[in-house]
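There are 4 protein chains.
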Amino acid sequence: MSSVILNKIKLSVFGESHGNGIGCVIDGLPAGVKLDFDKIYKDMARRAPGKDLTSTPRLEKDIPNVISGVLNDTTTGAPLAMIIENTNTQSGDYSNLMTVPRPSHSDYPAYIKYNGYNDIRGGGHFSGRLTAPIVFAGAVAKQVLMQKGITVGAHIKQIGSIKDTAFDMNNISADELNTLASKSFSAINAEAELAMRAEIEKFRLEQDSVGGIIECAAVGLPVGLGGNMFDTVESTLAPILFGIPAVKGVQFGLGFDFADKNASQVNDEYEVKDERVTLLSNNNGGVLGGMTDGAPLVFSVVIKPTPSISKPQRSVNLQTMKNETLIIRGRHDPCIVARAVPVVEAAAALGILDLMM
Amino acid sequence: MSSVILNKIKLSVFGESHGNGIGCVIDGLPAGVKLDFDKIYKDMARRAPGKDLTSTPRLEKDIPNVISGVLNDTTTGAPLAMIIENTNTQSGDYSNLMTVPRPSHSDYPAYIKYNGYNDIRGGGHFSGRLTAPIVFAGAVAKQVLMQKGITVGAHIKQIGSIKDTAFDMNNISADELNTLASKSFSAINAEAELAMRAEIEKFRLEQDSVGGIIECAAVGLPVGLGGNMFDTVESTLAPILFGIPAVKGVQFGLGFDFADKNASQVNDEYEVKDERVTLLSNNNGGVLGGMTDGAPLVFSVVIKPTPSISKPQRSVNLQTMKNETLIIRGRHDPCIVARAVPVVEAAAALGILDLMM
Amino acid sequence: MSSVILNKIKLSVFGESHGNGIGCVIDGLPAGVKLDFDKIYKDMARRAPGKDLTSTPRLEKDIPNVISGVLNDTTTGAPLAMIIENTNTQSGDYSNLMTVPRPSHSDYPAYIKYNGYNDIRGGGHFSGRLTAPIVFAGAVAKQVLMQKGITVGAHIKQIGSIKDTAFDMNNISADELNTLASKSFSAINAEAELAMRAEIEKFRLEQDSVGGIIECAAVGLPVGLGGNMFDTVESTLAPILFGIPAVKGVQFGLGFDFADKNASQVNDEYEVKDERVTLLSNNNGGVLGGMTDGAPLVFSVVIKPTPSISKPQRSVNLQTMKNETLIIRGRHDPCIVARAVPVVEAAAALGILDLMM
Amino acid sequence: MSSVILNKIKLSVFGESHGNGIGCVIDGLPAGVKLDFDKIYKDMARRAPGKDLTSTPRLEKDIPNVISGVLNDTTTGAPLAMIIENTNTQSGDYSNLMTVPRPSHSDYPAYIKYNGYNDIRGGGHFSGRLTAPIVFAGAVAKQVLMQKGITVGAHIKQIGSIKDTAFDMNNISADELNTLASKSFSAINAEAELAMRAEIEKFRLEQDSVGGIIECAAVGLPVGLGGNMFDTVESTLAPILFGIPAVKGVQFGLGFDFADKNASQVNDEYEVKDERVTLLSNNNGGVLGGMTDGAPLVFSVVIKPTPSISKPQRSVNLQTMKNETLIIRGRHDPCIVARAVPVVEAAAALGILDLMM
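Residue numbers (this note's numbering), protein chains in the order written: chain A, 3 to 359; chain B, 3 to 359; chain C, 3 to 359; chain D, 3 to 359.
Simulated from the structure, these hints should not be mistaken for lab results.
A portion of the hints provided could be inaccurate.
[To be verified] Below are the EDC-like pairs computed for lysine to aspartate or glutamate, each with C-alpha atoms no more than 16 Å apart in a straight line: (1) B/LYS324 to A/GLU271; (2) C/LYS324 to D/GLU271; (3) D/LYS263 to C/GLU203; (4) B/LYS263 to A/ASP262; (5) A/LYS263 to B/GLU203; (6) A/LYS150 to A/ASP170; (7) B/LYS204 to A/ASP262; (8) D/LYS324 to C/ASP276; (9) D/LYS324 to C/GLU277; (10) B/LYS165 to B/GLU193; (11) A/LYS324 to B/GLU271; (12) D/LYS204 to C/ASP262; (13) C/LYS313 to C/GLU326; (14) A/LYS324 to B/GLU203; (15) A/LYS324 to B/GLU273; (16) B/LYS313 to A/GLU271; (17) B/LYS165 to A/ASP259; (18) C/LYS275 to D/GLU326; (19) C/LYS324 to D/GLU208; (20) D/LYS324 to C/GLU271; (21) B/LYS324 to A/ASP75; (22) C/LYS263 to D/GLU208; (23) D/LYS275 to C/ASP276; (24) A/LYS275 to B/GLU326.
Next comes chain A alone, as it looks inside the complex (with noise of 0.2 Å):
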């Protein structure tokens, strides 16, 4: 039962919906790196409800407040910890009863595990606002990347039926990468971005959501980075991943396309290049025996769909036992794909720095 990941560097993230404030512990950074704040604004920015009307209207003031770690716009190399305060609580007591559980969501396991002291109120921890910290520690990651060589970026690789350009992935560049680091909804092609927007509005007017898949990537990795059996990049990345809510798949290269292929179509052959070992093709987005073998690093996630919806759904009342029908009211995001893509990229430059260290 933990918040805390990583292993050289330990992420902690705290916090509850409608609590006090959220926030994160990142420990074990190096002393020295000068952090440019205005970049992990502009992260948290991606990420924060309300841009337009592909997401939710709700206003989010999510001003990073650093308590330590930094001194004059640079790490200590103190534990770095941020909190965001939460303006918008309101006081007094607060009867705690968790009733009719919202279908797809952490309700119901949580009132079991928690025995019903968990907080409920918007999720609580189990809310998606908890991954504003993780942007946040995301973005600081990326800046020491950076100071390595190192450029983590993402798209939206598919929205419904409705799919991006995917990375071309033997040949991915910082630039592009950074490109689409810096949309607030980061798709290659501009005319699939449209109809992914098109697809989006479609399923907010019908009150309902849609989930899609997030591709992201990282060049300027050293070769061999990773290794052995359980310390692979795989294997550092997933359960960060996994971490983030309504991440329900995380694949490496080709990932389940492999399901029908041979070898001889998608093995990644190798020649020599400008003196350099290169690799003919990336069919295993850049991990080989779970350590990096010089080409981009390409790992893509799938976001399911928001389970809040406006619709009647089937559920249950857990004081009485009976059935119940359940309309959740007040505005949803009704694709929490776009704003999850900095939250990927967060994930993904805290795994690699991990790595790195």
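Based on the hints, put chains B, C and D in the right spot on chain A.
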């Protein structure tokens, strides 16, 4: 750089394909669990090569030698160490030179990472042979889980273009899983099995290999296992699953098929049945918010086609830095998927046991 | 390089003496524990400076601000984050130059380790002020333990040449520990307390400081806690105790006094009493083979004299690499031992709670 | 409940005294380190019993069998597994009944903890015999450290009432440590050695046993190793040291002698010497703020008298719950201190290596 995994129990795997032996230490097991070693040997036999044409004709006589942690076939609570001696190793000095890395294998990044000092014979520590100790440890874990009423089993969901009947995710019985877990070629549908075997034979004759998908389930889990942000069911299972060679993706429930779904289609609603909360569907694969929700735990992993094929492949000579054509001699698995089934079950059992402790 | 500790619960401590604040995250607490915050504040007050002449007259108004993990004074099971804002910090750029390191402080190795980037104001992250979050976390842990019938308390065993009555190791009551844990100067013997206070005053007048020993005990522990080789009671408690600044030794039971003893003198024999196994003595401090044995857990730590003294000391200028005489201005603790008592209790409570989870 | 320790490298120790074997896995070693196995065997011989009258006449032929991680006497970077087979074990069923626990041994708490299922023959996993794999692993670690210019060595500081010359803590040479580390009875002062041997003989004749103190040092460490709050030199070394059976205390530098000192006596002042910062004394044992300060690392541990003695002792029958007089037959170590010296060195080397990685 670690071959140790898990938290409350700890699994440490050691060995190199052509070294003196391979084995594992399972640390943190409860005392007093009676072990049925025949069952353990059966799981190991399912993984062993040479059973039929679908796998390599190499013969491995893998006799697990338990060193510690078991007395009178019962766990003592001390670390359970097991070793399988490699009987066919040759003595004498060995010229440990890797000249031409096999495409899509660990050879090249391992050469860089270990500076040429890693044991490259048969893949060394990266060999698929190292999954034998995982199967052993998983077979032990299964028996501890059995005492708690938990059953784990898996089947081949897809090989190449051929698909088995998928699990009925909301309706899986312990019997069904036990039946699958006793097969050497674990398929639900007998016709699909024949077609899959034919598919493998086709690629064998072409001196090629083919990938596939394994679907695994566990029933009998309590509600609320796992939890918080990074200590989730997925974050516990994924790293050990990605530690299995050739696994390139892990997904829970619908996984990547969530991408083009809308919430009203796939939300798992609740109803009261026999005075218990039940789910009307199980698209989330038994995990919500990182916790078990009472439905069967269902996940799948993709296995890439075995990269060792007899066809000529382009590679490079790392000594001369010249391009070279590589022909890998010997006989190879045209499809590793059937042999990987008990490994996936083992990883699942170990991860679940860790969550249960 | 980590300020995160423990295994099943995880304590992450952050902050710098003159930064924006200090605090901690306690991850993995059980849900549903009612917290008495007055008791927590009382423990924090015991650690706070300025109570009397035995400590520094600096005034710290340390108001712990709970950010998350508590609702209606009850733990929610989510990470419990707490922050104490530093109210007296000055804004503006700070010339972070360390020129002359204070003898026996962290200054010199920290300068080398962090390459001059660490926050050196007031000792930064190495300041004794960082023990405030440990006391907070320990006070929370004590209340969780109290529910399980476990009580922790400590006293000043020695200051300079003056010794308090030692614990009767085989006969310690929860009441005795609670009484000690409510004192600001925790001594068993009232006369010894007067003598110890006089000893401190003597060194204060000499602008010097003095060391001491703290003896801590816990009662109500089940038999068999801890265990195996490295997950022992001692191996769990020692790292967190050594994380307290100025602690230079940790011993259990007789500790270093075992050196000149023979077994027939100090072996703890057994007898049946009221149909229960009891020990006839407790020279091992309640730990055998790394496990609790049913006798009170008793250990002690030594605290070195506060290195900050007003007397001139020889040091070096790290910029000019010339010898220099250092005079540390301001008023300093002539003895930190009394203030360290609740810190030691806190460390013990946290370690024991981790073993109990 | 774990026999796995350390962070960047991981040491997993397994085995039971009278089981099939004992051994360890060292995970995370760098590749390419040439190992001198003769040196390793010598360290193991120093720990082995039966060398002379100061230890038990039992004969252990402990031949470490390296299973993996070494090729051509050079580390491969894969986990280094080692096993020592127990040749003198008897086959057949064993009635695993513990009736009368030996005072001051792990017997009683282990009986409760493992519910009677632990292997109690010869102490099982709690046997001092399990220190053999620690010595092996430490001997490997020493050779990795040697390549980095770091030397570790220890001596018997005290046995009973007899004291060896203590280390001149600020002036220890690698040669001095190497000399000590080559002795079977590591004393600095030849006369003290004779007196200590006589002291042991006295207790042997009385069928009693005696405790002692071991002082260990390491030179060649860089400044700034360790650090932050809980990842300190002390917090890394202490848990592995407390994992050694019979260790009841760990102290750094003056340790418990700090209690009656004042700062002006014991502060370690600085001066520039040969353009380098040096310390004028080393009362802190080379650690300040949890980090190495450039002076030799010096710590000591206390070893309690071996609890196995031939004299009649009061105990209880755990089956009948009646008091009983216990006479432990067989020949026992009258003093374990000399044999523990290489174990302490090993623990130090492993901890330091972990800090260096």
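For each hint, the structure was consulted:
1. Taken as a hint, the B/LYS324 and A/GLU271 pair is honoured in the structure, with Cα atoms around 14 Å apart against an allowance of 16 Å.
2. With a C-alpha separation of about 14 Å, the suggested pairing of C/LYS324 with D/GLU271 holds against the 16 Å cut-off.
3. A distance of roughly 15 Å separates the Cα atoms of D/LYS263 and C/GLU203; the hinted pair therefore holds under the 16 Å criterion.
4. For the suggested pair B/LYS263 and A/ASP262, the alpha carbons sit about 23 Å apart, so the restraint of at most 16 Å is broken.
5. For the hint linking A/LYS263 to B/GLU203, the alpha-carbon distance of about 15 Å falls within 16 Å, and the restraint holds.
6. Between A/LYS150 and A/ASP170 the CA atoms are separated by roughly 23 Å; this puts the pair beyond 16 Å, and the hint is violated.
7. Of the pairs offered as hints, the one joining B/LYS204 and A/ASP262 holds, with about 13 Å between alpha carbons and a cut-off of 16 Å not exceeded.
8. Proposed proximity of D/LYS324 and C/ASP276 is supported: the alpha carbons are some 11 Å apart, at most 16 Å.
9. At most 16 Å may separate the alpha-carbon atoms for a hinted pair to count; D/LYS324 and C/GLU277 meet this at roughly 9 Å.
10. Our distance criterion of 16 Å between C-alpha atoms is met by B/LYS165 and B/GLU193, whose separation comes to about 10 Å.
11. Annotation: proposed proximity of A/LYS324 to B/GLU271 holds, straight-line Cα distance about 14 Å (limit 16 Å).
12. For the given pair, D/LYS204 sits about 13 Å from C/ASP262 by alpha-carbon distance, which is consistent with the 16 Å threshold.
13. Restraint check for C/LYS313 and C/GLU326: satisfied, since their Cα atoms lie roughly 14 Å apart, inside the 16 Å limit.
14. Distance check on the hinted pair: A/LYS324 and B/GLU203 sit about 55 Å apart at the alpha-carbon level, beyond 16 Å; violated.
15. A distance of roughly 8 Å separates the Cα atoms of A/LYS324 and B/GLU273; the hinted pair therefore holds under the 16 Å criterion.
16. Annotation: proposed proximity of B/LYS313 to A/GLU271 holds, straight-line Cα distance about 12 Å (limit 16 Å).
17. For the proposed pair B/LYS165 and A/ASP259, the alpha carbon gap of about 14 Å is at most 16 Å, so the pair holds.
18. Between the alpha carbons of C/LYS275 and D/GLU326 the distance comes to roughly 13 Å, so the proposed pair stays at or under 16 Å and holds.
19. For a cut-off of 16 Å, the pair hint linking C/LYS324 to D/GLU208 is broken: about 60 Å separates their Cα positions.
20. For a cut-off of 16 Å, the pair hint linking D/LYS324 to C/GLU271 stands: about 14 Å separates their Cα positions.
21. Of the pairs offered as hints, the one joining B/LYS324 and A/ASP75 is violated, with about 48 Å between alpha carbons and a cut-off of 16 Å exceeded.
22. Among the hinted pairs, C/LYS263 with D/GLU208 is consistent with the structure: their alpha-carbon atoms are about 14 Å apart, no more than 16 Å.
23. The straight-line distance between the Cα atoms of D/LYS275 and C/ASP276 is roughly 68 Å, outside the 16 Å bound, and the hint therefore fails.
24. For the given pair, A/LYS275 sits about 13 Å from B/GLU326 by alpha-carbon distance, which is consistent with the 16 Å threshold.
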